[in-house]
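**Q** These are the residues of each chain, in order.
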Amino acid sequence: MKVGKPEELIVKGKRLDGRKFEEFRPIIVEVGTLKRAQGSAIFRFGNTYALSAVYGPRTAHPRHIQDPQKAVLRCRYSMAPFSTKERVRPGTSRRAVEISKVLNSALSNVIFFDDYPKTVIDVFVEILQADASTRCAGLNAASLALTDAGIPMKNLISSCSVGKIDGNTVLDLDGLEDNYGDVDMAVAMIGNEDKIVLLQMDGIITKEDLLKMLEVAKIGCIEIFERQKQALKERYKTGEIDVEG
Amino acid sequence: MLKASENYVRKLIEEDSRLDGRKFEEFRKIEVKTDVIESAEGSARIILGDSNVLVGVKLSVGEPFPDVPDEGVLIVNTELVPIASPTFEPGPPKEDAIEISRVVDRGIRESKCIDLEKLCIEPGKEVWIINIDIHVLDHDGNLIDAGALGAIAALLKTKIPKYENKKIIYEEKTGKLPVKDIPIAVTIAKIGDKLLIDPNLEEEHNLDARITITTNKNGEICSIQKGGSGYFTMEEVLKAADLSILKGKKLGKLIK
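Heads up: the sequence lines are chains W and Z, in that order.
If you read the first sequence in my numbering, its first letter stands for residue 1, the second for the next number, and so on.
If you read the second sequence in my numbering, its first letter stands for residue 1001, the second for the next number, and so on.
There's no promise every hint is true.
Simulated coverage check for chain Z against chain W, where a stretch passes if three residues somewhere in it have a Cβ under 8 Å from a Cβ of chain W [unchecked claim]:
#1 1095 to 1109
#2 1223 to 1232
#3 1241 to 1250
Worth flagging that the hints you see were computed from the coordinates, not collected in a lab.
Every value quoted in this text rests on a predicted model; they were computed, and no experiment measured them.
Ideal Cβ placement from N, Cα and C applies to all residues, glycine included.
Bound conformation, chain Z alone:
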């Protein structure tokens, strides 16, 4: 990006305004569509401003982890496909994609929103494996929030296929995936000494630091991830926590 526009983004924020006219504590327009992919057991498409993310949930049967023999397995993967941005290259996930996957994974896992024990078929031998694939189609910043929202929206719609004689019959469903909570990730960027919610691409390029806080239905925090090469003061972290709790409640209503 041009240096001039870089300075402009920062200058605007210093003057308490944003490139797209939003308030600091305002999300871009969010559109949630579910059941958009027939071949997936659950799916959702999130359009957050100009960011566009497709999330698919696929179920398969496999071995549980030895330390939790009676629980289903959750796997989150993110593909930053080259159609989404000139900076994305084909190939195995790099650190940005891995970070998105791991932050989304932790939000879901730590909120205990999926009842993994109900996904055990035979302890120690067979359990359901939930693969959540986040496919980024258009990148205009804040892919963590979009991905996390898409993941939980897709999970809420996921149906478990029939499993008979060691075979999955994908055409027949036996019921819904047991989902008990709605974890919502909210990312807050720090530019200069200002905190702003849902950074778009230009803001992302200019941020000093960012923090993603995932909250559950009760307004409790279930995961935190700080990123970016700057710092937060303790006061800023607590302010970010307040904002995330507040916005998390609003966003949760979008995907019921």
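This is chain W alone, in the form it adopts within the complex:
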């Protein structure tokens, strides 16, 4: 028995918030939000709100983490205390440590580390508001923040979640669907390539389900990729020049 479970998550072929199965929540992307950080970005899936900032490459401290040949990547995922219904205790949780690790692995695929020996690239992901798919939103923001910071990269990382609810494969789970749906899977791919760099799944599925979910995730990731590119173009749009400024 779980408290607060809605009777049905799919009503008349639509999800509770009116979305179709393979439809994202409203997405908001913004690059270069923060002034102090080298690079920054916001990525929102509906009520999930991720902010990422990048500092570096900068001299790696403590010194024993330095690599004489290349830069090292350090990721920190964290949830703001007010980001969920029940307050999140500040500080690192086991969940945050694990997510930081998988975000690091995913981003490592596209960064050219060789250009910056002995340095560290710090990627911070803050979840300001959480309504499921936070690691996906965080990863999308982080990959944009890295780009914004001018870190040389092969491509962007694009990520989305897929799930199974009452036998239906759905894209981009929200909090209710994550809590009470059957399956939750986070996927990240390198841009629009068939390269999966993050994959985590919870719930019981068959191999056929897995195939179907990966296919939906791929379409989702490509859509995210387009939105990311669009946001970057927006940021570096050349237009009128203010001669007085």
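Using the hints, position chain Z against chain W.
**A** Below, chain Z alone, put in the same frame as chain W:
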């Protein structure tokens, strides 16, 4: 590790062979011993090649989580103790240990192998808390699979102590822990464009990416975790799923 041996491991794999002579789809020798620790409610020791893992299950009584007031609580913890490897340091669990714990936890939780509702003593107030502690004694790679196998082997042997007047009487047992399924984790490494099962330590150091897929008795997938800084194609993920389902069935037979 030496750069030379690194290149050698990769070169061998390119030529379709492995350092220890195994086939790509072959596990190392696995030995499972259960009831190895008397003071634990359930225990198992897994020897996977030269990896050696001890798992103990301890039961206590505590408060349930507010969102599931009538279910027992499951907690998995991993200690990478310094005796197991020159790279392990004392102190609180770091990210590698945390990842092992969380992957093993998810396999058990998502397969719903423990009937947590049967572990409720008084809804909202008292439930059994199952602590699974994975103690790594010797590290030669693939600690996730060894830990997960040890966890389910230990759970299957776990007996619930008597609980009377708010006190646990550990000496007396009232019955077995309700375990309904056998989740098995199988880790597959990708080195170059090859997929190989159960990576040993050298292979782990050289892998581009890895994927751990946990399957249940029915051959369904109950959790997936991708690791490592490389990628998998969709086809590779599906091939890994096939392998895990196949090997999961075989491994499950080891611990009945």
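**Q** Now tell me, hint by hint, if it's right for this structure.
**A** Verification of the hints:
Coverage of a stretch by a chain is defined here by at least three residues with a beta carbon nearer than 8 Å to that chain's beta carbons; for the region 1095 to 1109 of chain Z and chain W the count is 7, and the condition holds. Counting residues of the region 1223 to 1232 of chain Z whose C-beta lies closer than 8 Å to any C-beta of chain W gives 10; at least three are required, and the coverage claim holds. Figure legend: the region 1241 to 1250 of chain Z, annotated as covered by chain W; annotation consistent (3 residues with Cβ-Cβ distances under 8 Å, at least 3 required).
The structure fails none of the hints (numbered hints given earlier).
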